[in-house]
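So you can see what is in the structure, the chains are spelled out below.
There are 2 protein chains.
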Amino acid sequence: MAKKNNGKPSLDRWQVPVGGKGFALKDCDPGAKPYGNGDKNGDKARVAELAREIDALQDVFYADGRFKLLVLLQGTDTAGKDGTIRAVFKETSPLGVRTHGWKAPSTLERSHDYLWRIHQQVPAAGEFMIHNRSHYEDVLVPVVNGWIDRKQTAQRYAHINDFERLLCETGTVVMKFMLHISFEEQRGRLQERIDDTAKHWKFSLGDLEVRKQWKEYQQAYENLLRATSTDWAPWTVVPADSKTHRNLMIATLVRDKLKALKLRYPPDDPQLKGLVVQ
Amino acid sequence: MAKKNNGKPSLDRWQVPVGGKGFALKDCDPGAKPYGNGDKNGDKARVAELAREIDALQDVFYADGRFKLLVLLQGTDTAGKDGTIRAVFKETSPLGVRTHGWKAPSTLERSHDYLWRIHQQVPAAGEFMIHNRSHYEDVLVPVVNGWIDRKQTAQRYAHINDFERLLCETGTVVMKFMLHISFEEQRGRLQERIDDTAKHWKFSLGDLEVRKQWKEYQQAYENLLRATSTDWAPWTVVPADSKTHRNLMIATLVRDKLKALKLRYPPDDPQLKGLVVQ
Numbered sequence: 001m002a003k004k005n006n007g008k009p010s011l012d013r014w015q016v017p018v019g020g021k022g023f024a025l026k027d028c029d030p031g032a033k034p035y036g037n038g039d040k041n042g043d044k045a046r047v048a049e050l051a052r053e054i055d056a057l058q059d060v061f062y063a064d065g066r067f068k069l070l071v072l073l074q075g076t077d078t079a080g081k082d083g084t085i086r087a088v089f090k091e092t093s094p095l096g097v098r099t100h101g102w103k104a105p106s107t108l109e110r111s112h113d114y115l116w117r118i119h120q121q122v123p124a125a126g127e128f129m130i131h132n133r134s135h136y137e138d139v140l141v142p143v144v145n146g147w148i149d150r151k152q153t154a155q156r157y158a159h160i161n162d163f164e165r166l167l168c169e170t171g172t173v174v175m176k177f178m179l180h181i182s183f184e185e186q187r188g189r190l191q192e193r194i195d196d197t198a199k200h201w202k203f204s205l206g207d208l209e210v211r212k213q214w215k216e217y218q219q220a221y222e223n224l225l226r227a228t229s230t231d232w233a234p235w236t237v238v239p240a241d242s243k244t245h246r247n248l249m250i251a252t253l254v255r256d257k258l259k260a261l262k263l264r265y266p267p268d269d270p271q272l273k274g275l276v277v278q
Numbered sequence: 001m002a003k004k005n006n007g008k009p010s011l012d013r014w015q016v017p018v019g020g021k022g023f024a025l026k027d028c029d030p031g032a033k034p035y036g037n038g039d040k041n042g043d044k045a046r047v048a049e050l051a052r053e054i055d056a057l058q059d060v061f062y063a064d065g066r067f068k069l070l071v072l073l074q075g076t077d078t079a080g081k082d083g084t085i086r087a088v089f090k091e092t093s094p095l096g097v098r099t100h101g102w103k104a105p106s107t108l109e110r111s112h113d114y115l116w117r118i119h120q121q122v123p124a125a126g127e128f129m130i131h132n133r134s135h136y137e138d139v140l141v142p143v144v145n146g147w148i149d150r151k152q153t154a155q156r157y158a159h160i161n162d163f164e165r166l167l168c169e170t171g172t173v174v175m176k177f178m179l180h181i182s183f184e185e186q187r188g189r190l191q192e193r194i195d196d197t198a199k200h201w202k203f204s205l206g207d208l209e210v211r212k213q214w215k216e217y218q219q220a221y222e223n224l225l226r227a228t229s230t231d232w233a234p235w236t237v238v239p240a241d242s243k244t245h246r247n248l249m250i251a252t253l254v255r256d257k258l259k260a261l262k263l264r265y266p267p268d269d270p271q272l273k274g275l276v277v278q
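Sequence lines, in order, name chains A and B.
Residues 1 to 278 (UniProt numbering) make up the first sequence, in order.
Residues 1 to 278 (UniProt numbering) make up the second sequence, in order.
There may be inaccurate statements among the hints.
Identical copies carry no separate label here, and so any pair may be met within one copy or between two of them.
To be verified - 30 Å max Cα-Cα, derived DSS-like pairs, lysine-lysine:
{"no.": "1", "residue 1": "Lys26", "residue 2": "Lys215"}
{"no.": "2", "residue 1": "Lys151", "residue 2": "Lys44"}
{"no.": "3", "residue 1": "Lys151", "residue 2": "Lys259"}
{"no.": "4", "residue 1": "Lys26", "residue 2": "Lys40"}
{"no.": "5", "residue 1": "Lys103", "residue 2": "Lys26"}
{"no.": "6", "residue 1": "Lys151", "residue 2": "Lys262"}
It is worth saying that the hints were derived from the structure and are not from the lab.
Using the sequences provided together with the hints, build the complete structure.
What follows is the structure in structure tokens.
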């Protein structure tokens, strides 16, 4: 991918345009490395450095108190959601970052609207919140399985955009990443989970059923990416066949976003000047 | 008010039109009794009868499970929110109805968007939920006190309409009642709370400060009523100088709404036919 903006990779292809115009998932190569420097060890070291920077930024983010950060990770099985969280936020104090992984809804959750449980887990002021999967599962699983029709799906896109606008307009920075791996890469990673008993806990036979619906899921992803990439909560597709590159790209984008907020510690209290503790 | 629709009072003046066109609070007489029959004791007996009907409807509402009911009561101090709940839902089993009274937000609540705490308290399937005050306080108190400007207020109206549409499109019937009393009626009721020591707990000196802003609050009410009366969650102004009439009107509207849902017990399970417990 062409480099511009002082050597920073352009996001042209990876940030989904608002309204989705001209966007197609097939144009996004899961093997691409737009943020890579061609040196895996160098890239890994860079991720570690960025993780430390993000921790330092979280400290002032908390003290600043004007913002909330919601990082949302979507992707098919084995796309690397857990690994991303570990790598990008490994240096961040648990005081300042929380994660929530979304599973199938409980009976109580199902008896409410599908955003009810999500809204309860949005970040508070000064906090980073990572959603491992998200409300976007509600426009994936039911769509692919035909539980909701086109009209209901469009209604949900609108609900989601409205909900994210509320978050944005009340101080939340929403970053949405779709971890994009290839069919072949998934094959290898699933096989690894089967062959290595220490990884069995991450595998279920149902994963193979979902894999059979690969095309349908890719289509449902493309549709939601086009419908829900907004000015206030844009989607970024992250080529994720390379774990190191995936971590590097997300860590870079999170760090850049935090720096752009021009965070600051609250103004000095003049009463503290020269105050001596007795 | 003119009677039509088979003797039922028309809602022309009391239901706020979508978009608020032509609506003014000054046209709503707090002393009117559009649902009254001119006989206070008869009206009281009717309220008691309606409360029993509402309880019976809650039973099938719960079994039916397709809907949720959110009844939202707004009104100035002494407008009769508590009294309405007691009268209209006194026969309803606490299994099927919950109430939540909204006070000033806590530190944790304030560190989230203002709809965060509200969304947590919406009804589950089969449930009645009564909100004693509501998210509309967030377009009253901050507006009257100048904490948010016109643009932020308009933004909040949009958030609220979007939020209520989500609820409606996921099965919630939203009924919004503004209990409308006169300045003079409030004077009498506040005086009663001062004169009767058993009512002191309901009174705070701050109520008199809020009373001084009567006009500003009436204006903020008129604005929000016009901006947030929607097809999916319309506002009804309830003339409330008469407590009996207020109860009668709300009980009638709630009962009518429930009946219009054509609630039904789930279809018979043929396996149960003739089954004998051993």
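Going down the list of hints, with the structure as the test:
For a Cα distance limit of 30 Å, the shortest separation of Lys26 from Lys215 inside one copy, 11 Å, qualifies, whereas the shortest one across copies, 60 Å, does not. In the homo-oligomer, the alpha carbons of Lys151 and Lys44 never lie at most 30 Å apart, since the shortest distance is 45 Å inside one protomer and 46 Å across protomers. In the homo-oligomer, the alpha carbons of Lys151 and Lys259 lie at most 30 Å apart only across protomers (28 Å), although the nearest pairing inside one protomer, at 40 Å, exceeds that limit. For the identical chains of this complex, Lys26 and Lys40 are intra-copy neighbours only, at 26 Å inside a copy versus 72 Å across copies, given an alpha-carbon limit of 30 Å.
Proximity of Lys103 and Lys26 under a CA criterion of 30 Å is satisfied intra-copy only: 28 Å inside one chain copy versus 52 Å between copies. In this assembly of identical chains, the alpha carbons of Lys151 and Lys262 lie at most 30 Å apart only when taken from different copies (24 Å versus 41 Å within one copy).
Going down the numbered hints, you'll see the structure goes against just number 2.
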